[in-house]
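Residue strings, one per chain:
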Amino acid sequence: MTFLRFWLIAISLALTAQGTAAAPARLTFSWLTNVGPLNPHLYAPDQIFAVAMVYEPLVKYQADGTFAPWLAESWDISEDGRIYTFRLRQSVTFSNGEPFDAAAVVANFNAILAERPRHAWLELTKRITAIEALDERTVRMTLDESYYPTLAELSLSRPFRFAAPSQFRNGGTADGLVAPIGTGPWILRSTRLGESDLFVRNERYWGERPALDEIEVKVIIDPNARAVAMEAGVLDLIFGSEGPIFPEVFARFKTMPTFTAKVSSPVETRFLTINANRGPTRDIAVRKAINHAVNKDLIVATVLAGTQVRADTLFAPTVPYADAGLKPYGFDPALARKMLDDGGWRLGDDGVRRKAGEVLTLDLCFIGPDAVAKTLAEIIHAQLADIGIQVNLIGEEESSVYARHRDGRFGMIFNRTWGAPYDPQGFLSATRFPTHADYQSQEGLPDKDQIRAAIGAVLRTTDENERRTLYREILTRLHDAAVHLPLTYATSMIVSKPRFGDIPTAPLASEIPFERIRPEAR
Amino acid sequence: MLGFILRRLLLLIPMLLGASIIVFLVLRLAPSDPAMDYLRLSYVPPSPEALEHARTMLGLDRPLITQYFDWLWRAVQLDFGRSYATGRPVLPDLMHFLPATLQLAGVALVVTLGISMPLGMWAARHSNRWPDHVVRLVAFFGVSMPNFWLGFLLVLFFSIQLGWLPPMGRGGWQYMVMPAIAVSLMSLSINARLLRASMLEAAGNRHVAYARLRGLSERTVERSHVLRNALLPIITATGMHVGELIGGTLIIETIFGWPGVGRYAISAVLNRDFPVIQCFTMSMVVIFVVCNLVVDIVYAWADPRIRLSAGGSND
Numbered sequence: 000m001t002f003l004r005f006w007l008i009a010i011s012l013a014l015t016a017q018g019t020a021a022a023p024a025r026l027t028f029s030w031l032t033n034v035g036p037l038n039p040h041l042y043a044p045d046q047i048f049a050v051a052m053v054y055e056p057l058v059k060y061q062a063d064g065t066f067a068p069w070l071a072e073s074w075d076i077s078e079d080g081r082i083y084t085f086r087l088r089q090s091v092t093f094s095n096g097e098p099f100d101a102a103a104v105v106a107n108f109n110a111i112l113a114e115r116p117r118h119a120w121l122e123l124t125k126r127i128t129a130i131e132a133l134d135e136r137t138v139r140m141t142l143d144e145s146y147y148p149t150l151a152e153l154s155l156s157r158p159f160r161f162a163a164p165s166q167f168r169n170g171g172t173a174d175g176l177v178a179p180i181g182t183g184p185w186i187l188r189s190t191r192l193g194e195s196d197l198f199v200r201n202e203r204y205w206g207e208r209p210a211l212d213e214i215e216v217k218v219i220i221d222p223n224a225r226a227v228a229m230e231a232g233v234l235d236l237i238f239g240s241e242g243p244i245f246p247e248v249f250a251r252f253k254t255m256p257t258f259t260a261k262v263s264s265p266v267e268t269r270f271l272t273i274n275a276n277r278g279p280t281r282d283i284a285v286r287k288a289i290n291h292a293v294n295k296d297l298i299v300a301t302v303l304a305g306t307q308v309r310a311d312t313l314f315a316p317t318v319p320y321a322d323a324g325l326k327p328y329g330f331d332p333a334l335a336r337k338m339l340d341d342g343g344w345r346l347g348d349d350g351v352r353r354k355a356g357e358v359l360t361l362d363l364c365f366i367g368p369d370a371v372a373k374t375l376a377e378i379i380h381a382q383l384a385d386i387g388i389q390v391n392l393i394g395e396e397e398s399s400v401y402a403r404h405r406d407g408r409f410g411m412i413f414n415r416t417w418g419a420p421y422d423p424q425g426f427l428s429a430t431r432f433p434t435h436a437d438y439q440s441q442e443g444l445p446d447k448d449q450i451r452a453a454i455g456a457v458l459r460t461t462d463e464n465e466r467r468t469l470y471r472e473i474l475t476r477l478h479d480a481a482v483h484l485p486l487t488y489a490t491s492m493i494v495s496k497p498r499f500g501d502i503p504t505a506p507l508a509s510e511i512p513f514e515r516i517r518p519e520a521r
Numbered sequence: 000m001l002g003f004i005l006r007r008l009l010l011l012i013p014m015l016l017g018a019s020i021i022v023f024l025v026l027r028l029a030p031s032d033p034a035m036d037y038l039r040l041s042y043v044p045p046s047p048e049a050l051e052h053a054r055t056m057l058g059l060d061r062p063l064i065t066q067y068f069d070w071l072w073r074a075v076q077l078d079f080g081r082s083y084a085t086g087r088p089v090l091p092d093l094m095h096f097l098p099a100t101l102q103l104a105g106v107a108l109v110v111t112l113g114i115s116m117p118l119g120m121w122a123a124r125h126s127n128r129w130p131d132h133v134v135r136l137v138a139f140f141g142v143s144m145p146n147f148w149l150g151f152l153l154v155l156f157f158s159i160q161l162g163w164l165p166p167m168g169r170g171g172w173q174y175m176v177m178p179a180i181a182v183s184l185m186s187l188s189i190n191a192r193l194l195r196a197s198m199l200e201a202a203g204n205r206h207v208a209y210a211r212l213r214g215l216s217e218r219t220v221e222r223s224h225v226l227r228n229a230l231l232p233i234i235t236a237t238g239m240h241v242g243e244l245i246g247g248t249l250i251i252e253t254i255f256g257w258p259g260v261g262r263y264a265i266s267a268v269l270n271r272d273f274p275v276i277q278c279f280t281m282s283m284v285v286i287f288v289v290c291n292l293v294v295d296i297v298y299a300w301a302d303p304r305i306r307l308s309a310g311g312s313n314d
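Keeping their order, the protein sequence lines are chains Y and D.
Using numbering that gives the first Met the number 0, you'd call the opening residue of the first sequence number 0 and step up by one each time.
Using numbering that gives the first Met the number 0, you'd call the opening residue of the second sequence number 0 and step up by one each time.
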């Protein structure tokens, strides 16, 4: 008996010891799809968070809106704002051992610029006229004119990130890469189509060594299935600002001691664009009344279970240049009714207002399968009915809703800003083009030309004071015209197992800083 | 019989051609723009230049008729193009995912038949007594419960509460249990009730009474004289269940993280990924036609009257 006990203990000890030694520190996460082949210079199907795990920028966007040295350890900008000279960090190599030097930077920029139409959405690709290696560690970039968001666009997760030139096909990246080799803290080790992707730590990483050995990304489409997987112990982390789980489910995780649940600081604004160029919302009194009639605190507390923050302006005041001292349209249904009365919209027997035969009715368009948007739309419908505005709820597939953005077939439509580092410049710049719902709305504003001219000017100016003044002018004009109904500042929801410690967040909402996750005890 | 099968297979060609035209046109009737979806998936703001570039890249700038014939010419060579969303060739990806779906649907079919048959026979044998009531109750729940809801309940109970079965993924038989039950419960319930009704009807026939008078055992009467005649509606129903099971599998895959063609197809529908939707529809047409053909063959085999009236021989 003693003999048997001895062997049992010995075997179990051996198994335990082996288990501890062999088990890598792995974190299991989930995403809607496979991460893609990971080419920083192409787009779909590559997932941004994964691109950012493997490839790095010259400069890194910081939470306070500034830029930290990253692959470039320093840089100079010429007086006229046209010439940027980057000094590259020493002893950085790609994960295959290839040196990261000026030649690699120039090769990557050339690969990007060879495909300018693909990147035309990004102003910087149109501005760059030359990129040269001055020596092994110095790169000079010349623009045709000054463009102040240059560093912001260089810090984006794509396309200005660097793949090992040895992996280029046909001298470029447009035809794909041989393998996704970057300088970042992670290497994409394997992909199982429709099932999962596996990242391992880059042992050659120049920065601080990640504590985790591996990141497994499982493919889970459905938010409920994701929550179930978390609860069943299949996942270690849920992270995302795109509704990775439903708000009420998040609230439930928050009450469970076996999980840590928190939200990040705000990453972008969710709002409705109100169409100033169609139907009764052409009348500014109607637009302002709508802004006073919706109880956002109620929405945040109920539908969103406190996972987002009430928004009073198009951009949160913490967004660079957005603290323009705008006066919020507070929740005040009585004032809203008075505004409509004063504007000549008289309440009919059916509870709907009319003016000169025109019925105060408008279409509110949302993505039908989006349960949260649907509930928000229903609440707004009820609150506007309360002041005599009839709202028609139009829930459609995502692509049909975006078609409405493009051609202006909406009274109000769900919209969002782009988050850091695009806000405010990238978002505002896009409103100058007809594909944006805001463009369609602005068409109905008497000062649309001034607004668009000011947006053009703010992107070019090198004068900080002028920039500040221009932003104040643009944001004030838009706020006063009440072409938006800001709803909430969205956050990322983060649910994790406590043993992974406090999960950090990145200044860019699209990135997940896996390399900074420190499990409490290995 | 061979001529019958060949004729049916030849009919596939006009059916596929018709389906391809309908799918191609219906997809393009919707007021949406796949180029816009491509940019959305890429997280690229849809500036006019970006849209134009995406349209050219996806070949959407050409006339519709050119797009169709170009697609058709490639499709007959089994080249269904590349997915707008993933950039990968469609057919190899579909073939990668299809086996998992067919496996799940196949197991669900076995579960459907394997459980519904004994249940239906048991209920018929004890008609209007407690076994019949139990089967009725089970069938009532099975038919009323949406499969995705049942899927979540199963996960909640067996994975989260009891920790017996893995909640998602594909692996050993343990991974198969809950999805197969969730997919098959409805078909199983319908089949059990159908078999019961059909057996009771057959049991009322005179030849069954004569069989009993001939002194045959109850077991022989049930097997050879009641069940055989009661099977015909079940064969037809099974043909329909195959469609239901594949359809159910497509939904259930999303819940159980089953890496099948359903998730691939649903993502494609949401993203207006035309090449994937077209290829998926064509393959479903083939699968359904082949399944119907198999049902017809089995039907003819089971019922000599049909095979003889169809001009076949009795050998």
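Quick caveat, the hints were computed from the structure, so don't treat them as lab data.
Treat the numbers as computed from the prediction; the structure is a model and nothing was measured.
One or more of the hints may lead you astray.
[Claimed, not checked] Quick look at which bits of chain D chain Y covers, simulated, 3 or more residues with Cβ under 8 Å:
1) 138-146
2) 157-171
3) 249-256
[What the hints assert, rightly or not] Here are some, though not all, of the chain Y residues that point toward chain D, as calculated from beta-carbon distances under 7 Å:
4) Tyr-42
5) Leu-197
6) Pro-222
7) Ala-228
8) Ser-398
9) Phe-432
10) Glu-510
Backbone N, C-alpha and C fix where the C-beta goes; we use that ideal spot for every residue, glycine too.
So, going through the hints one by one against the coordinates:
Only residues whose beta carbon comes within less than 8 Å of a beta carbon in chain Y count, and the segment 138-146 of chain D has 0; fewer than three means the coverage is violated. For a cut-off of 8 Å, the count of residues in the segment 157-171 of chain D with a CB near a CB of chain Y stands at 8, and the three-residue condition holds. With 4 residues having a Cβ less than 8 Å from any Cβ of chain Y, the segment 249-256 of chain D passes the three-residue criterion, so the hint holds. Interface restraint check for Tyr-42(Y): the shortest CB-CB distance to chain D comes to about 3 Å, inside 7 Å, so the restraint holds.
Violation of the interface hint for Leu-197(Y) is found here, the shortest Cβ-Cβ separation to chain D being roughly 14 Å, above the 7 Å cut-off. Checking Pro-222(Y) against chain D: minimum C-beta separation of about 11 Å lies over 7 Å; hint violated. The closest approach between the C-beta of Ala-228(Y) and any C-beta of chain D is roughly 6 Å, which is under the 7 Å cut-off, so the hint is satisfied. With a least beta-carbon distance of about 4 Å to chain D, the hint placing Ser-398(Y) at the interface is held under the 7 Å criterion.
Annotation: Phe-432(Y) was flagged as interfacial toward chain D, and the flag holds, the nearest CB pair being 5 Å apart, inside 7 Å. With its C-beta approaching chain D no nearer than about 12 Å, Glu-510(Y) sits outside the 7 Å limit, and its interface hint is violated.
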